[in-house]
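Q: Listed in order, the protein sequences are those of chains A and B.
Heads up, the first sequence is in our numbering, so the first residue is 1 and it goes up one at a time.
Heads up, the second sequence is in our numbering, so the first residue is 1 and it goes up one at a time.
No lab work stands behind these hints, which were simulated from the structure alone.
Do not take every clue at face value.
Unchecked claim - Computed cross-link-like contacts, BS3-like style, restricted to lysine-lysine with a CA-CA straight-line distance of at most 30 angstroms:
(1) Lys130/B with Lys390/B
(2) Lys189/B with Lys177/B
(3) Lys130/B with Lys165/B
(4) Lys402/B with Lys130/B
(5) Lys144/A with Lys402/B
(6) Lys353/B with Lys144/A
(7) Lys144/A with Lys217/B
(8) Lys217/B with Lys288/B
(9) Lys324/B with Lys294/B
Said to hold, decoys possible - Only part of the chain B face toward chain A is listed, based on derived beta-carbon distances under 8 angstroms:
(10) Gln231
(11) Gln235
(12) Gly263
(13) Ala300
Backbone N, C-alpha and C fix where the C-beta goes; we use that ideal spot for every residue, glycine too.
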Amino acid sequence: MPDQLLFAMEVTLNGLMAGVLYALVALGFVLIFKASGIFNYAQGVMALFAALTLVGIMDGQVPFAHLINAIFGTDVHHFGWNVPAILAIALTLGVMVLLAILVERLVLRHLVNQPDIILFMATIGLAYFMEGFGDIMWGSDIKKLDVGLPQGISETVESATDAIFGYGFFIDRLDMVATVIAALLVIGLTLFSQYTKQGRALRAVADDHQAALSVGISLRFIWVLVWSIAGFVALVAGMMWGAKSGVQFSLSLIALKALPVLMLGGFTSIPGAIVGGLIIGVGEKLFEFTIGPMVGGATENWFAYVLALAFLVFRPQGLFGDRIIERV
Amino acid sequence: MKLKLATMVVAGVMAAAPVMADLVFPALSYRTGPYAANGIPFADGYQDYFTLMNERDGGIGGEKVRMVECETGYNTEKGVECYEATKGEGALIYQPLSTGITYQLIPKASADGIPVHSMGYGRTSAKNGKVFEWIFNYPANYWDGASIAVKHILDQEGGDISGKKIALVYHNSAYGKEPIRTLQELSKKHGFEFVEIPVDHPGQEQKSQWLQIRRDKPDYVLMWGWGVMNQVAIQEAANIRFPMDHFIGIWWSGSENDVLPVGEGANGYKALNMHMPGADFPIYADLKTYVYDKGLAAGAGDQSGSVLYNRGMYAAMLAVEAAKKAQELSGVAAINAAQMRDGMEALSIDAAKMEALGLPNFGPEFNVSCENHGGSGLGIVQQWDAAASKWNVITDYIESDKEIIDPLVAEDSAAFAAEAAIVERCN
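Just need the whole structure built from these sequences, with the hints factored in.
A: In structure tokens, the structure reads:
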């Protein structure tokens, strides 16, 4: 097999894996948009906040240590213990649920019946608030996230492909884990929305707010629920991306990677987020591999948006989004 | 009533007078945003050194130092706003720690008559003092860095790198592109193949770039990165099992922040530096006595001894020494920005001076002159020891290849002079 074809296959596989990571971020956006029509600008920051909280709890870091020390003249930084990863993840999930309750109580409740743009603006404010709050709570330093996720080249894949093609493919074991987790997430979310009372209520609210309210579904509960689930998805995304780069404030920028995925897959479809992520991942990687060298490289950021725009021309609602029908 | 008012005004003016006489050093820092992890240690080191001057020496030449900190968020527009907001305070010098902000300040500060010191960043050709009267970039610049890295590779390869392949992984910005021209010239001179691999901001996803490196198998990879790009690149290099001792970063890709998140995988990674890492210097005893123990440490007080803390401290030390020189030249303690510039241009850092400052062999020896605002262009190579969690210095100070760099500096600065209608000085 020609080398270029083998390289293209390797790039495609890695593009699929990268796409899964993009989809993990996009999922959080979709969940909130689907249930409440809000484009949650703070989703990227939620991933950052969740990852910061996870590392902070695991390392036994004293929250607001800098502030406490400045006010009381103390010198406390750590509690002196480490929390096992599983327990820390559970506690972080609790923090994200608390955050969801606070967002509903302090922000969303006061903006019921406001235009979508107002809700969107509120999430912008929320994003900046959470970024600053996370900074004060856990500090700005880069933190190593070690929850036991494997990293580095998969030697099994490398030797298997070497035996077949005479060239060992590179696949990052972290990406493989992310793929499994994303699949489990989608299955879990699908089962939840199809077979649980809360899930059905969530779908009812997504279909028609007024009708859902008329049959006694609490909109406030649904909002807390969906922001909690989005918080959980943010935690998973934060863990995956944080394991790659360390937990640091640029994690919030991963939201930029989700936008073309949403444009392509649609804002209201969970399968759309996954398929959109895969298309963007493969598309940008293959473009960089084939055309990139001719145009000086670094094409991935802009090409993802070009690809999404190209799809939008033919399907404005995205691949799996709800069809837009306006009756006049 | 009128008498009371007049008394209050006079008292106010008198109270304000000592403040007006302070030596003002603005700090355009970034403690927030995606680059805060790097901005904080630099800002802390910068601030702590000035605090030490005030607490231990009573200021500089008897004049107290006043720091004016302004948050830029590593954002060029905010950096310019900070400059405009602080220059009226009597600012003596700006050190913005951002190539983007430096480029914006070059014409502004030159017009306002306030010196800018872009230490190891900014516009490389600002080294030419004949053209850039108010801009300084000593002790070394990006082109020195590129040359020092290649010299180190030459040393590793027994002096012959013809036929070797060297890739540059760079931040796709003005900063990241700076060394390209120099590396192209060096590839012609030494006969190595030069490959450019750009990474878009912020650099969180670099799979394509490292797959390319895995395919192309360059003998060495150089990196011009900043922020998250560094950690991801080092992680990806470890993932593809690229030999870490063949991976060399510029001094902005060589702090603890860049390697610690990668853990054991970063072991052996190399980076250039323009000063020594670590806290094994006598000055740290003074910092402890006069700054840390008094509760006057900047920020959280937890950055002491890190590479970027040392760099901030080094930047402040060079500013203080230039201010002392300015006081000596002008004969006044309360110097102004123009006198500060004169002091910078006459700055001389030698081993005896560094020893006296409690920083023996901390940086290279160099002299600044009217023609040369860039210093000696010396740098060291440091290597990360993951087990000990520390940088080890593995070379002496290496001098850059002036035969390549000087003509490039002359060419670029001449183009700037023609564009800005600047008449060369120092003749």
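Q: Now look at each hint and say whether the structure bears it out.
A: Structure-based check of each hint:
Between Lys130/B and Lys390/B the alpha-carbon distance is near 40 angstroms, which puts this suggested pair outside the 30 angstroms criterion. A distance of roughly 20 angstroms separates the Cα atoms of Lys189/B and Lys177/B; the hinted pair therefore holds under the 30 angstroms criterion. The hinted pair formed by Lys130/B and Lys165/B fails the criterion: a straight-line CA distance of about 37 angstroms is larger than 30 angstroms. As the CA atoms of Lys402/B and Lys130/B are separated by approximately 17 angstroms, the hinted pair is consistent with the 30 angstroms bound.
Restraint check: the Cα-Cα separation between Lys144/A and Lys402/B comes to about 40 angstroms, which exceeds 30 angstroms; the hinted pair is violated. For the hint pairing Lys353/B with Lys144/A, the CA-to-CA distance comes to about 39 angstroms; that exceeds 30 angstroms, so the pair is violated. Note on Lys144/A and Lys217/B: the hinted pairing holds, with a Cα-Cα distance of about 29 angstroms set against a maximum of 30 angstroms. Between Lys217/B and Lys288/B the CA atoms are separated by roughly 48 angstroms; this puts the pair beyond 30 angstroms, and the hint is violated.
With a C-alpha separation of about 26 angstroms, the suggested pair Lys324/B and Lys294/B falls inside the 30 angstroms cut-off, and the hint holds. Evaluation of the Gln231/B hint against chain A yields a held restraint, the C-beta minimum of about 5 angstroms falling below 8 angstroms. Interface restraint check for Gln235/B: the shortest CB-CB distance to chain A comes to about 6 angstroms, inside 8 angstroms, so the restraint holds. Restraint check, Gly263/B versus chain A: the minimum CB separation of about 6 angstroms is within 8 angstroms; hint holds.
A distance limit of 8 angstroms between C-beta atoms decides the matter here; for Ala300/B the minimum to chain A is near 5 angstroms, and the interface restraint holds.
In this structure, the earlier hints numbered 1, 3, 5, 6, 8 are contradicted, and the remaining ones agree with it.
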